[in-house]
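Below, each chain spelled out in residue letters.
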Amino acid sequence: MSEHSYLRQLESESIYIFREVATEFRKPVMLFSAGKDSAVLLHLALKAFYPEKPPFPLLHIDTTWKFREMIAFRDRRARECGVDLLVHTNPEGVERGMNPFDHGSSLYTRVMETDALKQALDANGFDVVVGGARGDEEKSRAKERVFSLRSQAHRWDPKSQRPEFWHLFNTRLRAGETMRVFPLSNWTESDVWLYIQAENIPVVPLYFAAERPVIERDGVLFVVDDDRYPLVPGEAPVPRRVRFQTLGCYPLTAAVESNAETLEQVIQETIAVDSSERHGRLIDYDPTSSFERMKQDGYF
Amino acid sequence: MAEKENIARNTPRRQLRDDAVKGLLRFMTFGSVDDGKSTLLGRLLYDTGVLFGDQLAKLQSGSQRFGAAEIDLDFSLSLDGLEAEREQKITIDVAYRYFATRRRKFIVADAPGHEQSTRNMATAASNVDLAIILVDAEKGLLPQTRRHAYIASLLGVRKMVLAVNKMDRVRYKQSVFEAIRDGFMAVAGCLEVDDVKAVPVSALKGDNIMHSSPHMGWYTGPSLLDLLETIPVEQDLDGPMRMPVQRVVRPDQTFHGYAGTIVQGAVRPGDSIVAVPSGQTTAISRIVTFDGDLDHAVAGQAVTLVLERKTDISRGDVIAAAADAPEQADQFAVHVVWLNEEPLYPGRPYHVKIGNCTLTGQITELKHRIDMNSLDQLAAPHLDINEIGYGTLGLNRAIPFEPYGKCRTLGGFIMIDRFTSATVGWGMINFALWRATTVPWQYLEINKAARADLNRQKPVVLWFTGLSGAGKSTVANAIAKRLHARGRRTYLLDGDNLRHGLNRDLGFRTEDRVENVRRVGEVAKLFVDAGLIVLASLISPFSSERLMVRDMLEADEFIEIFVEAPIEECERRDPKGLYARARAGEIRNFTGIDSPYEPPDNPELVLNTVDATPNELADRVFTLLEERGVI
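These protein sequences, in sequence, are chains D and Z. Under my numbering, the first residue of the first sequence carries the number 1, and numbering increases by one thereafter. Under my numbering, the first residue of the second sequence carries the number 1001, and numbering increases by one thereafter.
Think of the hints as simulated: they come from the structure by calculation, not from any bench. Here the structure is a predicted model, which means the values were calculated and not measured. One should not assume that every hint holds.
As the list claims (entries may be wrong) - Residues from chain Z shown here face chain D by an in silico Cβ test under 10 Å; the list is partial:
| hint | residue |
| --- | --- |
| 1 | Gly-1023 |
| 2 | Ser-1126 |
| 3 | Arg-1247 |
| 4 | Val-1249 |
| 5 | Val-1288 |
| 6 | Ile-1414 |
| 7 | Thr-1423 |
| 8 | Ala-1432 |
We treat Cβ as the ideally placed atom computed from N, Cα and C, and that holds for glycine.
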């Protein structure tokens, strides 16, 4: 990659943001979901602080319904990179047996993702959380700041956002406030894939096509990742060649039919595909502006 | 044109191999929705294949018209689309959109809404390399266009493209385009702009957006997208090297480096550098990155520099080419864009973040504000939200800087409210007014400590704040008499008395009150330096200015005493008859009546004058002074 290429420019900006976080805040943490954006984020964190290790731990919110391969990848990457990994699951949710089937995706997501995240942040006293969200994902993301303020209750107030001028990030917090920081704000999905390719960044194999046990419901393909998936009578997983564009909890993440087995093929497919990426996340398609509401509520 | 063919609708998707080398251009569009701003953006996204099927479907269902030949996607649907915005009828200042062609990646900073506010335009402008100035061909050059061009240049955007839109509505007439173009060039000639191009387009029909228009054979220049793809973007590679230090890297005893982003010039191992402000010189020994040491690095790159000799450097300092170091100053001529409901008052201190430094500063003087309609320079006692002013920025210490026009990073600053932590202002340094190095501090042998010693007392300021009639002067007087009787050297600064001399030019508007307190604070500081116990008795209604005086002094030298009495009681006492006159409308801006009083949050002492006599209250002050070893 040439030093003038736009990927290098994006990389340098993200590094600048990481360094600002580590220098201006008391106790940072980085969310690590084990997805491709997280993989890029971790790579950038390693670059930003070299020869130091990133001066903050990774945090994974484990809903207990993540793909097994994601959990394995998460543990392996944290070990390889020599960074601390914190894993938090909402114990109340586990006690109540929360799952996306019986409780519906929005209640489940609130308890197992949003509430769990707030618990982990409050318990550890983190004042800043770095995440891998991108501006091109969703319209409320396009309007969110790189340094995005949260109230004491972790709420996002879109109308009181601080204007952001060229590389001048206001990092000041009042008592109880926290910050969410998005170093990949200016990256698009293609940028992420092209950077993964250019930098040879490991990603979880679920992004590549393989034969997996699939059921089809209302035209949406789901991979049955373990035997907890409640099948209706007569329903049986069928092996199909599928891959994922985005990764979350396996019962809420749609697979796509694909033959893209290599990074090269995934990139070709990503850029040619006629569907935006969050389409594969079923939680967004609840009521209008649901994503915005979830964010106001404290979802990452 | 084979080249053109390649940039057909689908091609960006096939141009992957070029991604590693293509550059990045950030731009914004000035113009209103009526000029076709949303349509233009929609057209660019559509032609470059960015709109996905499902996004398109969402837009179509909300748009009035949509056909294969005519694109009339209402982008306000996607860009102004937050629920919070719809409910509250507000628009959030800037949204970013992304698209790419085989030559460049583009980031569009879109300041949405029908009317673009100064605040929104400023936010977008600080983040872009180029501005598209959109003009409706039917309406011609409007005062608004002149305003947009002026604002763009004022905010530091040095490249402009004039897009004369809706050419289809004037039957693609060359004369219409040329008249608008010539008019605009005359305007641009008076502005600080490096590069202006003009292109006739129809965003609706797609003429000259991506492809040359078959309807305008008379126009032989590049299409809008061609322009955006080829206009050179400055890399700041030529100037002398500058790297503001973001972070000192010291994982263990064996490694000592300085992390930062090079903002200007280039650097190689062996290059001589100077650390500013320490002035120490040494050479670069290594350029360290995760990917291995580099043999050179240029503006835009985030690196870690290791120096040959141990050097005194901390965050915010600048590592610069030894032969050409940046100047340092603490007083600047600046433009300020005010972003906050609460106005900017000259003299009021804020946190100022510039480069990687955060320090305290204030706009010490406002020379004028710029009327956004007439572009006239008007007198400005203060700045309201969305106003742009020109004045003097004073910082509490000298910093290395560059004019904003030369370097955004070392010449741009934000102002942060010290109480709410909100970003309240954004500014650009034009030039330094006062080079701190030219007026060095004179070293004086008889200093504060020596004078305090001779007086056998610890100099402090007792700052009495409270409503008019609360009893500040009465209590201060009682204390001054007792201190004097004990042989202590004191001086009482009485707010009313000072208004007959030092502050006789000041009235009672907020900006005057801010200046009033600042002057009294400076005088108090001098008297403390002279070794005196200073009693300052003035309403000083605002927390900001009391904090400013506290900051002027050393940590234990400022004792804030809140003299408290309910407004009804003060009004009943009315020793000078001022409340009666304020109620009668004879006096305006009277604290407690039509001007606010902000009680202190954490004063060192609260004296309630309703339940105690002045002598009892003086006892309490004495106890505190004894506890603190003042007397």
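Checked hints:
{"no.": "1", "hint": "Gly-1023", "in the structure": "6 Å, holds"}
{"no.": "2", "hint": "Ser-1126", "in the structure": "4 Å, holds"}
{"no.": "3", "hint": "Arg-1247", "in the structure": "5 Å, holds"}
{"no.": "4", "hint": "Val-1249", "in the structure": "6 Å, holds"}
{"no.": "5", "hint": "Val-1288", "in the structure": "7 Å, holds"}
{"no.": "6", "hint": "Ile-1414", "in the structure": "5 Å, holds"}
{"no.": "7", "hint": "Thr-1423", "in the structure": "4 Å, holds"}
{"no.": "8", "hint": "Ala-1432", "in the structure": "19 Å, violated"}
Checked against the numbered hints listed earlier, the structure breaks hint 8 alone; every other hint is satisfied.
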